[in-house]
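Novice: Next come the chains, spelled out residue by residue.
Number of protein chains: 2
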Amino acid sequence: MQVITSKDNPNVKRIAKLTKRSQAKEEGLIFLEGTRLCEEALASGQTAVEVIVSENKLEWAKEFTPGTEPLVLSSNVFAKISQTVNPQGVAIVIKEPGIAADIPVSADGKDIYVVLENTQDPGNLGTIIRMADAFGLTAVIVSPTTCDPYNDKVIRATMGSVWHIPVVRKTMDECFGFFENANIETIATHLKGNELGAGDLKLPCAYFIGNEGDGLTDETAQRCTKLVKIPMKGKAESLNAAVAASVIGYELSKLL
Amino acid sequence: MQVITSKDNPNVKRIAKLTKRSQAKEEGLIFLEGTRLCEEALASGQTAVEVIVSENKLEWAKEFTPGTEPLVLSSNVFAKISQTVNPQGVAIVIKEPGIAADIPVSADGKDIYVVLENTQDPGNLGTIIRMADAFGLTAVIVSPTTCDPYNDKVIRATMGSVWHIPVVRKTMDECFGFFENANIETIATHLKGNELGAGDLKLPCAYFIGNEGDGLTDETAQRCTKLVKIPMKGKAESLNAAVAASVIGYELSKLL
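So the sequences go chain by chain: E and C.
Numbering follows the working numbering, in which position 208 of the first sequence is assigned residue number 208; successive positions increment by one, without gaps.
Numbering follows the working numbering, in which position 134 of the second sequence is assigned residue number 1134; successive positions increment by one, without gaps.
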């Protein structure tokens, strides 16, 4: 086993580039660091195409990534590529799960989709992916302007759910084309809608969540076949986007 | 009008100290910066005890804080005390809303309280305060170990709700003492609980949300009079703390 002790080593330079999300994305890869993130991905069936450990973490590599020859770095060199203040000495590179070309459909026809028109906050996106996985939704569909689902903050907030539930990137046009063709109800939240929980919801359906500041675009709201509103008996006029998505997801999951 | 052009001016030094949350907290004050945060607080009835504007923002001070003589700083000096990359040139200092000594009670007896045992993430705390305000809860009760509700990130995430709904700081012992004495049902989320939405909930009640990583302490869960679980038909085993709090708050608000 050779321990790399220079940050100028070409392998180290190559990995250092991948720690930049923009670079990894371009190559269709994801750099994950730290035991929790790495182990969650591996436990969910992701395969490490590269394993990078500091010299005192060889045992971890043997246990969690037995099929891949690790790149072993001195603690100092690991610290140079690390994105954290206290490096755990463990990182892997995986391939981006193929963002499916098609929106998945269940055999029983009881599909629930959450469609994010322009979610900007990584914490919100991660929380929505986690909620969708918990409530048994079929997929999370993100617009091209929604933030990168494989951004480090998003992955952390999903607590592993990003590896469990399909995340599909589609334009709003592609979404409506698919849903209209398949006769799937499309739901927008709107002040003029029926109150959520009134019992007039049915599956399959897709519900749309807009941008944190601006909500849904008029165009999207108008194209939906159904309007609902979340009853709010207090003073605040709106909810956090992830909270709104979760309350609707919770209510719809009662129909599963 | 005198424009302060030196960061060594004693007033500037005094304000600079208050931009540190720990210092402001010690003095029972809150430093707010930026038009949105300042205007939200003022619109909700908070009074500025100090107004700090850059020289080109005098009109703002005249409009929003007519009763207080502003401290006018040159743009350079304002930038020195600013906590943001692109200062808007507007800041105020307000008194911390007296964290009420008592837990408020409604005249109609239809109270819902959310009690946070040890919430650590400012975004979660802010989102919960906003949700509680939207769903018409009576108060948000935070343990002494829960993060500071007047932390800048919390205030931002509440979107103004922190000024609308009482936030009360109490130990778990004080909470249970109050709820038991007033015969208010106390609800913990627990895998052995009845499914939320099963129709066996009643008001008044208080529900407890635990720490992000560890959930509720056993001690708190055992002391509650009722256990509920949020039905999750998917694969993820848990929800983000703010999502769990919101789904329960939403379901309970149906009883209002």
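Because the hints were derived from the structure by calculation, they are not lab data.
Treat the hints loosely; a few may be bogus.
When the alpha-carbon atoms are kept at most 25 Å apart in a straight line, the in silico DSS-like pairs for lysine-lysine are as follows [stated by the list, open to error]:
id, chain 1, residue 1, chain 2, residue 2
1, C, 1110, E, 229
2, C, 1110, E, 153
3, E, 153, E, 202
4, C, 1095, E, 95
5, E, 202, C, 1062
6, C, 1020, C, 1007
7, E, 17, E, 110
8, C, 1007, E, 202
9, C, 1062, E, 254
10, C, 1226, E, 229
11, E, 226, E, 192
12, C, 1226, C, 1110
13, E, 25, E, 110
14, E, 17, E, 153
15, E, 229, C, 1233
16, C, 1235, E, 110
17, C, 1229, E, 202
18, C, 1095, C, 1017
19, C, 1254, E, 254
20, C, 1062, C, 1013
21, C, 1017, E, 233
22, E, 153, C, 1153
23, C, 1233, C, 1013
24, C, 1254, E, 192
25, C, 1229, C, 1192
26, E, 110, C, 1202
27, C, 1017, E, 254
28, E, 62, E, 110
29, C, 1110, C, 1153
Only part of the chain E face toward chain C is listed, based on derived beta-carbon distances under 10 Å [stated by the list, open to error]:
id, residue
30, 24
31, 28
32, 29
33, 133
34, 137
35, 161
36, 164
37, 166
38, 177
39, 178
40, 234
Beta carbons are placed, not taken as given, at the ideal position from N, Cα and C, and that holds for glycine.
Novice: Between the alpha carbons of residue 1233 of chain C and residue 1013 of chain C, is the straight-line distance 25 Å or under?
Specialist: It is violated: about 56 Å lies between the C-alpha atoms, which goes past 25 Å.
Novice: Just to be careful, I want the Cα atoms of residue 1229 of chain C and residue 202 of chain E compared with a cutoff of 25 Å; is the pair within it?
Specialist: holds (24 Å)
Novice: Is the shortest C-beta separation between residue 166 of chain E and chain C less than 10 Å?
Specialist: Cβ of residue 166 of chain E sits 12 Å from chain C, so the hint is violated.
Novice: Restraint: residue 234 of chain E near chain C, CB-CB cut 10 Å. Satisfied or not?
Specialist: With Cβ-Cβ at 4 Å, under 10 Å, it holds.
Novice: Is residue 1254 of chain C close enough to residue 254 of chain E, meaning Cα to Cα at most 25 Å?
Specialist: Within the cut-off at roughly 16 Å; holds.
Novice: Run the distance test for residue 25 of chain E versus residue 110 of chain E: straight-line Cα separation, threshold 25 Å.
Specialist: Answer violated: residue 25 of chain E to residue 110 of chain E is near 33 Å, above 25 Å.
Novice: Check the hint pairing residue 229 of chain E with residue 1233 of chain C against an upper bound of 25 Å on the C-alpha distance.
Specialist: holds (23 Å)
Novice: Is the straight-line distance between the alpha-carbon of residue 17 of chain E and that of residue 153 of chain E 25 Å or less?
Specialist: Between residue 17 of chain E and residue 153 of chain E the Cα gap is close to 18 Å, so the pair holds against 25 Å.
Novice: Are residue 177 of chain E and chain C close enough, Cβ to Cβ, to be under 10 Å, as the hint says?
Specialist: violated (27 Å)
Novice: Starting from residue 1017 of chain C, check that the Cα of residue 233 of chain E is at most 25 Å away, please.
Specialist: violated (40 Å)
Novice: Residue 1229 of chain C and residue 1192 of chain C were given as a pair; does the straight-line alpha-carbon distance stay at or below 25 Å?
Specialist: Status holds; Cα separation ~7 Å.
Novice: Given the hinted pair residue 110 of chain E and residue 1202 of chain C, is their alpha-carbon gap at most 25 Å?
Specialist: Between residue 110 of chain E and residue 1202 of chain C the Cα gap is close to 32 Å, so the pair fails against 25 Å, i.e. violated.
In this structure, the earlier hints numbered 2, 3, 4, 5, 7, 8, 9, 10, 13, 21, 23, 26, 27, 28, 29, 30, 31, 32, 37, 38, 39 are contradicted, and the remaining ones agree with it.
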